[in-house]
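> One-letter residues, chain by chain:
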Amino acid sequence: MAETLFYVLGALCVVFAIGVVRARMPLFSVLNLLGTFFCLAGIYLLAGFPFLAATQLLVYAGAIMVLFLFVIMLLNLGDAAELEKHAGLSLSGRRLFVACSSAALLGLVGLGAAEMSTAFDARTLPAEHALDDLEHLAALLFSRYMLPFEAASLLLLATMVAVIVLAKRQREQARDTSAASAPAESQRKENGVLR
Amino acid sequence: MTPVLVMLLKTLLIFGGVITLAAGMTLAERKVSAWIQWRIGPNRVGPWGTLQPLADGVKFVFKEELIPDGANPLLFRLAPMLAAGPAMMAIAVIPFAGEITLLGQPTTLSIADFPLSALYVVAVSGLGVYGVILGGWSSNSKYSLLGGLRASAQMVSYELALILALLSVVVMSGSLDLRKIVEAQAGGLLQWNLWRQPLAFLLFLLATFAETNRHPFDFAECEPELVGGFHTEYSSMKFALFFIGEYVAMIVMASMTATLFLGGPEVPYWPAAPWFVQLATFLLKTGFFLFLFLWVRWTLPRFRFDQLMGLGWKVMLPLALLNVFVTGLVISLF
Chain A
22 MAETLFYVLG ALCVVFAIGV VRARMPLFSV LNLLGTFFCL AGIYLLAGFP
72 FLAATQLLVY AGAIMVLFLF VIMLLNLGDA AELEKHAGLS LSGRRLFVAC
122 SSAALLGLVG LGAAEMSTAF DARTLPAEHA LDDLEHLAAL LFSRYMLPFE
172 AASLLLLATM VAVIVLAKRQ REQARDTSAA SAPAESQRKE NGVLR
Chain B
198 MTPVLVMLLK TLLIFGGVIT LAAGMTLAER KVSAWIQWRI GPNRVGPWGT
248 LQPLADGVKF VFKEELIPDG ANPLLFRLAP MLAAGPAMMA IAVIPFAGEI
298 TLLGQPTTLS IADFPLSALY VVAVSGLGVY GVILGGWSSN SKYSLLGGLR
348 ASAQMVSYEL ALILALLSVV VMSGSLDLRK IVEAQAGGLL QWNLWRQPLA
398 FLLFLLATFA ETNRHPFDFA ECEPELVGGF HTEYSSMKFA LFFIGEYVAM
448 IVMASMTATL FLGGPEVPYW PAAPWFVQLA TFLLKTGFFL FLFLWVRWTL
498 PRFRFDQLMG LGWKVMLPLA LLNVFVTGLV ISLF
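Read top to bottom, the protein sequences are chains A and B.
Residue numbering for the first sequence follows my numbering, starting at 22 and increasing by one per position.
Residue numbering for the second sequence follows my numbering, starting at 198 and increasing by one per position.
Chain A extracted, bound-state conformation (with noise of 0.2 Å):
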């Protein structure tokens, strides 16, 4: 029974995993990978992880909401002269500050794969299921694989602000060049991206 599901769950997360980059709308890739997820907390659940199951609808469902908010509304920008003025430093200061806190970002990143690969040895984690034991994986988290885990969700966060930056300057650069051919077929583009 559990096999059967497993594999069924399996097949679905590939077919959806295939959908995520076939479909042609955004918002069909967004509800595609919402169905990788759902197969993948299932397999979790099959698993006897009934906290990673849990933690994936949550976190993944409200991240992958976000992303949903992002697809629609990265359409409409705010003005870029608005973020000029509350950026604060100059633009030399911005770069100095952007490359110091890369390499930071960097060296910890490899300070956390390090610490990652020798401190991760699959025979010496707990019995079975203590990974659902809350309190045990709290204590993991937060002191054996501290530094991976920090530098993982600075890196996520380092990448999104990545990811609104180029998809930013793509849309400035659009407007710019169909602004200049024809205001009407621009204001007409901006409807249908819309839609």
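Derived from the structure by calculation, the hints contain no laboratory data.
Note that the Cβ used here is the ideal one computed from N, Cα and C, for glycine as well.
Treat the hints with care, since some could be wrong.
Unchecked claim - Cβ-Cβ distance ranges computed for the label pairs, FRET-style:
#1 Ile233/B / Ala125/A: 34 to 40 Å
#2 Leu155/A / Pro303/B: 44 to 50 Å
#3 Ser433/B / Ser122/A: 51 to 57 Å
#4 Pro303/B / Phe163/A: 48 to 54 Å
Stated by the list, open to error - Calculated Cβ distances over 12 Å to all of chain B for the following chain A residues:
#5 Ala62
#6 Ala75
#7 Met167
#8 Leu187
Here the structure of chain A is known, so what remains is to put chain B in place on it, guided by the hints.
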């Protein structure tokens, strides 16, 4: 065989009870609004209008079902189910009462008891937003789209405060099990988490209003600006399903507030109370919060959308974080 039968019976009883309560809420909404506005309210169908929900249901079934031109038919049909389904799933772990005997078997009055039930409720009820945003998007209407967008932004922002408020209660009780959280509050009125976590209680209560899209935070509908919001284009039972979902979500959130902060089915100063007294206590506590939903709706004006987002991110989230921090600090020090 008997355990399966007991399970089925419990599911039927609890599910039927909650759906009936949701139908009753539609009548209560109209009766309470009438009462607050010095009117009489529905009084034609049955004694004091008590059969009004039945008449409404029949009317919904016989209404014509429209799918707007250019709408996405699949998602348009899926959205109401996605709106109502998660709310109903969340009922499964609500502890309505303690030990009872069904078909000769000792059991507890909740469909399922497991160690992560509090997490399950927030994980499942958070999925209800998909129904709202998909309904808004698939309708091919600008009002619906705006309503759906607003709802998703709002629910994502307030879910954080909701979960953090829940977290401080969890930290105090040392368990994610709703039964254990209830047990930790046994022993009298002063043991309630309401007194030990007043800030968390306020934040949780406010967040439930935003989570269920109720006044003064019902921006997903917001008639003066968005016609009907995300359900503008819906008719017939699909429209009704959105409302059933909303009322069931209200019941879930009210019973969660009662469970987390008012001791749930615990009867103060009567630890060995029989199950029906516990059930009555639970319904009384839940009923108070359900009434509060209606009371607030017909008393306070609606917020502005930017005020709502500002309140969520700039006030409630930092306060909730601070509350978790202080709770953890106090627990680790004493």
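> All hints are to be evaluated individually against the structure, with a verdict given for each.
Now the hints, each set against the structure:
Roughly 58 Å separates the CB atoms of Ile233/B and Ala125/A, a value that falls outside the hinted 34 to 40 Å. Separation of Leu155/A from Pro303/B is about 28 Å and departs from the stated range, judged on CB atoms against 44 to 50 Å. Remark: the range hint 51 to 57 Å for Ser433/B to Ser122/A is upheld by a beta-carbon distance near 55 Å. Taking 48 to 54 Å as the suggested C-beta distance range, the pair Pro303/B and Phe163/A does not conform, at roughly 40 Å.
Annotated as non-interface, Ala62/A brings its C-beta within 12 Å of a C-beta of chain B; the closest such distance is 9 Å. Taking the minimum C-beta to C-beta distance to chain B, about 5 Å, the non-interface status of Ala75/A is violated against the 12 Å cut. Distance check for Met167/A against chain B: the nearest CB is about 17 Å away, which clears 12 Å, and the non-interface claim stands. Every beta carbon of chain B lies more than 12 Å from that of Leu187/A, the smallest distance being close to 22 Å; the non-interface claim holds.
Checked against the numbered hints listed earlier, the structure breaks hints 1, 2, 4, 5 and 6; every other hint is satisfied.
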